[in-house]
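There are 2 protein chains.
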Amino acid sequence: MASTGSIAGPVQSLINEFSKLPTIGPKTAARLVFYLLNRPRNEAQSLSEAILAVKDKVRLCTLCFSLTEHEPCDICTDERRDRTTLCVVAEAKDIYAIERTGAYRGRYHVLGGLISPMDGIGPAQLRVKELIERVGAEDPAEVILATNPNAEGEATALYLSRLITPSGTSVTRLAYGLPIGGDLDYADEITLTKALEGRRAL
Amino acid sequence: MASTGSIAGPVQSLINEFSKLPTIGPKTAARLVFYLLNRPRNEAQSLSEAILAVKDKVRLCTLCFSLTEHEPCDICTDERRDRTTLCVVAEAKDIYAIERTGAYRGRYHVLGGLISPMDGIGPAQLRVKELIERVGAEDPAEVILATNPNAEGEATALYLSRLITPSGTSVTRLAYGLPIGGDLDYADEITLTKALEGRRAL
Chain A
55 MASTGSIAGP VQSLINEFSK LPTIGPKTAA RLVFYLLNRP RNEAQSLSEA
105 ILAVKDKVRL CTLCFSLTEH EPCDICTDER RDRTTLCVVA EAKDIYAIER
155 TGAYRGRYHV LGGLISPMDG IGPAQLRVKE LIERVGAEDP AEVILATNPN
205 AEGEATALYL SRLITPSGTS VTRLAYGLPI GGDLDYADEI TLTKALEGRR
255 AL
Chain B
55 MASTGSIAGP VQSLINEFSK LPTIGPKTAA RLVFYLLNRP RNEAQSLSEA
105 ILAVKDKVRL CTLCFSLTEH EPCDICTDER RDRTTLCVVA EAKDIYAIER
155 TGAYRGRYHV LGGLISPMDG IGPAQLRVKE LIERVGAEDP AEVILATNPN
205 AEGEATALYL SRLITPSGTS VTRLAYGLPI GGDLDYADEI TLTKALEGRR
255 AL
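Read top to bottom, the protein sequences are chains A and B. Counting in our numbering, the first sequence runs without a single skipped number right up to 256 at its last residue. Counting in our numbering, the second sequence runs without a single skipped number right up to 256 at its last residue.
Next up, chain A with everything else stripped away, as it sits in the complex (with noise of 0.2 Å):
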C-alpha cells in the first residue's frame, strides 16, 4: 500500500520479518512491534540473541537425530534412560511432546519426515537406514512408532513395521482413541471406530 510509506522503516522492516513466521499475520506482527518498542533494549537483545543461537549452536545428534548443543544429544548419553526401548518420531518437535508426558524414559529415532509419496518423499528420503542399523547393532526389545495418526503416519509406520519385525523385535504403535477430557458427542466417525476396535477389558 502506498501510505506504509509514513511508518518509520525500521518498524515496517520488522513487520515484515514477523509476518514470514507461521501463524503471526500483519496485524499480529505489528502488536508485535509496538510491544517490543516498549519494552526496554536488553528484552530485544535477548529476543534477538537467542534467534541466532539457535541456528549457530543447535546441531543433529548423530546417534538420534536430536535437536541438541552436545554431540552425542542429552537423551542419548543419558545413563538412566531405558536402553531396551526405541520410540521413533517424525520430527525432533514430537521428542519434546512425548518427554512432556513424562510416560517414555527410553530413548528416540528422529526419521526426518514421513513417507509422502505425492510430496516426493520415501524411505530415501527419510532416516530409514540408520534406524535399522540401529535396531540391528543395539537389538531393543521393542520399537514404538510414534508417528503421526494420518495418512503418513500410517503408511510410514506400516513401513517400518515390516522391515523391523523379520529381526524379531517387538513393533508397537500408539494407542488410537478417545482423547482424555474430550466428549463421546463430538468425536469424529474415525476417531470413535478407533475407540470401539481397541476398547479394553476393566
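No wet-lab data here; the hints were simulated from the structure. A portion of the hints provided could be inaccurate.
Given that identical chains are not distinguished, each listed pair holds provided it fits within a single copy or across any two copies.
In silico lysine-lysine, BS3-like type, Cα no more than 30 Å apart, as pairs [what the hints assert, rightly or not]: (1) K183 with K109; (2) K147 with K111; (3) K74 with K248; (4) K81 with K248.
Here the structure is a predicted model, which means the values were calculated and not measured.
Position chain B against the provided structure of chain A, taking the given hints into account.
Showing chain B alone in chain A's frame:
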C-alpha cells in the same frame, strides 16, 4: 517441568523468549522455533537484526511524537500534507491504522496514552501541553479527536475538546455507527444506538 532438560538449551531459550511476546503461548513459540530451525540462517539473521534495529533506530518525532527514523518525521516534513488539519491519536500505531485508509491527508499528534484515573494517568502524563502549544502556534482550522471509542477515549476527547474549543478551532470526533460489512442483527445495543443518533439524510 522436569523433563524439559532433554530440550536443547538454545531451543528452550528461544521458546521462552517468544513466549514473552503478546498473543504467543508456549505451543506457538515452539512452532516458531522449529520453523526457524528449518529455514536458512540468513532469514533468522534478518529477523534478529530487525528486532535490534527497531530499538536502536526508531525514535519519537519531536513535533508529533510519532515513531520515526529521521527527525522530524516523514509526515511532519511532507509539504503535500494538509497543514490546516490535526488528528489527535492515543498511540503511534493508531497513525498507521488511519494512514492505511488513505482518507486523511493532514498531520498528527500522538498523546502517548489516554486519560485513565484508575491507572493514575492524567493530562500531565500525556502530551496535552504540547498539543495545546501546537494548536496555539499552528492555528489549525480543525482538530480531529481520533481516540478509541471507549470510556478512556471518550473522557480524553471531552477533556481536550473543552481545552481547544475556546481558541476558536473546530473540534471533531470520529463517527460512531455500524461497522461496514457487519450485520445489523449482530450489532451491540450501544453501537446501534449511536448509529441511530448519528443517522444522516440521504
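| query | Looking at the structure, which of the earlier hints fail to hold? | reply | Violated hint (a single one): 3; every other hint is consistent with the structure.
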